[in-house]
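Participant: The primary structure of each chain is shown beneath.
Number of protein chains: 2
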Amino acid sequence: MLSVDDILAASKVPFSNAEFNKSIAARGVPSSDLICLPPSAGWFGPNEEGKRVVKVLCYSKESTPNFYMRPIEGLVMTVDLDTLEVLKFSDTGREIPIPKSTDTDYRYTAQTKEPQMEPLNPISIEQPKGPSFRVEDGHIVKWANWVFHLKADHRAGLVISRVMVRDSENGELRDVMYKGFASEFFVPYMDLDESWYFKSYMDAGEYGLGMSALPLVPLNDCPRHSYYMDGIFATPDGNPFVQPNMICLFERYAGDISWRHSEGLLTDFQIREARPKVTLVARMAASVGNYDYIFDWEFQTDGLINVKVGLSGMLMVKGSPYHQAPNQDAMSGPLISENLIGVVHDHFVTFHLDMDIDGANNSFVNVNLVKERSLPGESPRKSYLKAKRKIAKTEKDAQIKLKLYDPSEFHMINPSKRSRLGNPTGYKIVPGGTAASLLDHDDPPQLRSAFTNNQIWVTPYNRSEQWAGGLLTYQSRGDDTLAVWSERDHSIENKDIVLWYTLGFHHIPCQEDFPVMPTVTSGFELKPVNFFESNPILRAAPAFETDLPVCRSSASS
Amino acid sequence: MLSVDDILAASKVPFSNAEFNKSIAARGVPSSDLICLPPSAGWFGPNEEGKRVVKVLCYSKESTPNFYMRPIEGLVMTVDLDTLEVLKFSDTGREIPIPKSTDTDYRYTAQTKEPQMEPLNPISIEQPKGPSFRVEDGHIVKWANWVFHLKADHRAGLVISRVMVRDSENGELRDVMYKGFASEFFVPYMDLDESWYFKSYMDAGEYGLGMSALPLVPLNDCPRHSYYMDGIFATPDGNPFVQPNMICLFERYAGDISWRHSEGLLTDFQIREARPKVTLVARMAASVGNYDYIFDWEFQTDGLINVKVGLSGMLMVKGSPYHQAPNQDAMSGPLISENLIGVVHDHFVTFHLDMDIDGANNSFVNVNLVKERSLPGESPRKSYLKAKRKIAKTEKDAQIKLKLYDPSEFHMINPSKRSRLGNPTGYKIVPGGTAASLLDHDDPPQLRSAFTNNQIWVTPYNRSEQWAGGLLTYQSRGDDTLAVWSERDHSIENKDIVLWYTLGFHHIPCQEDFPVMPTVTSGFELKPVNFFESNPILRAAPAFETDLPVCRSSASS
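Top to bottom, those sequences are chains A and B. Position 25 of the first sequence, counted from 1, bears residue number 25 in full-length UniProt numbering, the numbering being contiguous throughout. Position 477 of the second sequence, counted from 1, bears residue number 477 in full-length UniProt numbering, the numbering being contiguous throughout.
There's no promise every hint is true.
Intra- or inter-copy, both count: the list cannot distinguish identical chains.
To be verified - Simulated crosslink set (EDC-like; lysine to aspartate or glutamate; CA at most 20 Å straight-line):
no., residue 1, residue 2
1, Lys113, Glu172
2, Lys417, Glu338
3, Lys403, Asp237
4, Lys371, Asp440
5, Lys51, Asp442
Just so you know, the hints here were simulated from the structure itself, not pulled from any lab data.
Just chain A, with the same shape it has in the complex (with noise of 0.2 Å):
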């Protein structure tokens, strides 16, 4: 992995080089006006030579902290990472201009002109006897039903471990998931160009999502009575490190309803029954230079576990000759601001999900819906689907892509441990809008990153597979990904084994990006299915309105 080290290094050789001041002096900008940056220099191929490179780009930060959004087009160095060399020097687009810094600073101390929006009235997500979940140890959370280990980790961010839940019958604790995290990123841009076409980052294994994350802003990043947990790592040399409020827990209101039934327009009863839905959210945000990844854990009472990924910061924008938008065929995607092009990328995310339903052993079952074809004269329905089990023997049998008309629930369960009725204890994923990397499986950013081929794998417990794109991810050759682990094709029924979901997103940028994005969220759920007897949440209380607070505006009023 980059250390922070390796980057403040790189990020000052530019700096030092000849042939790269006269490129920066030709084109008129001032030395004090720029930083750079170190992407990652993936691998491309057999002939590359065993150094250990980086690349390096460069930004104008004159009049302007989002430097992001005035690059040096064109201007790239291949550096090696050890002697600090310059290996490569490349020098194209003299002619782009360094887009304009004009409306680029996102922050509120810099905003001069009126939002052109009525002002909002303040809104807080109260609770006066305080949150009801607590943290023991430091790290073990309890709350309502939940009970889980919660721990920043430099490369995953944020792990949740030991998770477990409390039968709604009798009360026991029960195993969902020995392990949870972002294992890996991908994220590829799609422009072939000298100083681009290497970008095809692996966030998690490259920078680390954990190093990368910086305190969470209170009341803005998350809500008023939020409880803040530090990040513990190692610098460099051997030190330790603390990144202060890294985590942050809180519990969820946002007025949606969790069940509900109304009765009385066509019965005699005159039922009216909702309940609130409150959660538990354990988040933490990454700040991988441009972008900000935002990772939320919502713990429901109903047993569901709600991933979500949320996208925000900046884009990684591309200089170019025009002001106006020309035929959009000749560019790599949009002009979002004059002088510059919003790369179409993706994002994809795959998280290793060990489930441990009721214990270690489990199966991961593929229930399919298939349509079938009525009798003649069976019925005066001609088609209906029919929900047909089927047990992964072995890791192929799960390699599975998500197909619209082809669908299957995907379902871990304990085939040793059955409910009352003879239904084997289960939690299904339910993936949420995603994205399929279409990249060639040749192409060397897909084979690095060939844990994205399919949007589910099972694999084995194997304490060495945590991380999708293999341990040592920088500049990896894809020998040693998910993928590969895969094709043993070992059995998986009725074994510790790990489930691998990979989300994703397709980014074509538009005007709104520039020069922050607004978030874009997408997720997957845990849900329990046949774990719990029946509804868990039945007996749940509603909300009364002598329950709730009695506000006043402010300390000042």
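Starting from the structure of chain A, add chain B where the hints point.
Facilitator: Only chain B this time, still in chain A's reference frame:
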């Protein structure tokens, strides 16, 4: 559409039917324990008579208001709605016991056991200065940068119209959508039995979503500080009828982040910027017999409209001789309680979205992401994605099935209105997790609901084409659906056009759905794309501690 009078009359028919009373007596059910409901009959081919018919099924309400969980299985009547004559009487399944009433009552006052979880402290969304929206003339909602008309409709439930958003540069109100609403439902069950095959509900056109809505429950269906709006309809005899508190409107703060960026790990800038996300939600809930459908239209200050459908309430279940789960291939769904099968079914909701991006004349653009292969020697990269824009000329160009491996963005643009950069102003529809109908096109329910043959359609505006299943849905034959209209293949380029989107759910029930289902939600987004010149919420203010309320536990503390 079935009227309340139709429904009440049909549900009384069994009680005066000798054959029915004989069967009930043989089953040992006192008629005072019965409650009967009239599911729509559908239409199953040209040999059906030209009568207005309904099916009638009964349940036992003995010891529980949740009679839905106690079907009198196999007993079904076909009733003439005009003469109230029983046209057909089918009586199978006498050997199937009526499932027990134990643990079916979902009312809070009926709960005797303790929930097996630690109680939660009160939590509330608080706004001591009150909400920031205004409702003028009873229907015009003004909030932040949005203005729209909100009304209750007896068929569609909730209608949003004349939606305008304020330009972030000059503050002018700009058109976004002329009208949006849930146009039709399709809920086919996957069981061929005589008492099940016809269950293929079109809830909007057969029952009416507004007619099925009951008053929302304050604090539980909608948060504190919500504004409530009545529905005013006509009864079958033409008298006015007021459904109080049918819609709620509230500001939502869920602890989410509108945008963020932190800087400081690798550069000298020490920046921590984040903005809390506050939205406005308009909600209604329809209780169409057993099922509850929750509709949310959520407006964000960044111009995004998030439309969500939540499903709760009761399953439509089938009596079964089994106490223990047998080989499930023998059944039309899983055993979810003793003698109770949760029959597999789908839910589709088709939205009518008459977008007016900066005026009525719009075009529909398919922005297709295509994988391209690099030329030999062109780049170390072998493949990349290219966004290819194609404007739909006619309706057939816009008949779209979503594909994970052939992805597109779907834009509604105004070809005559361009941004400063020359991009056409637009909105895109962003599908969330969804499901497609897999039934054969010649199956009568699918023919009647052929509007679910694609996920997206675009038609020229036609005032008589509001309802995707046809104006006269009850016993319709599929000759007046969106699928039929679209086959005309009219021009849709630079015209007043309507976007139709179908959201779907496959539902394989599980034990957790008994006796009332935790809410399952999905939705889609309408998102600005080059509509604003730049991020419209760049200048939004963060939250400050001094603005937030001071609260104490409760009035009594």
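Participant: Please write out, lowest number first, the hints stated earlier that are contradicted by the structure.
Facilitator: Violated hints (numbers, rising): 3 and 5; every other hint is consistent with the structure.
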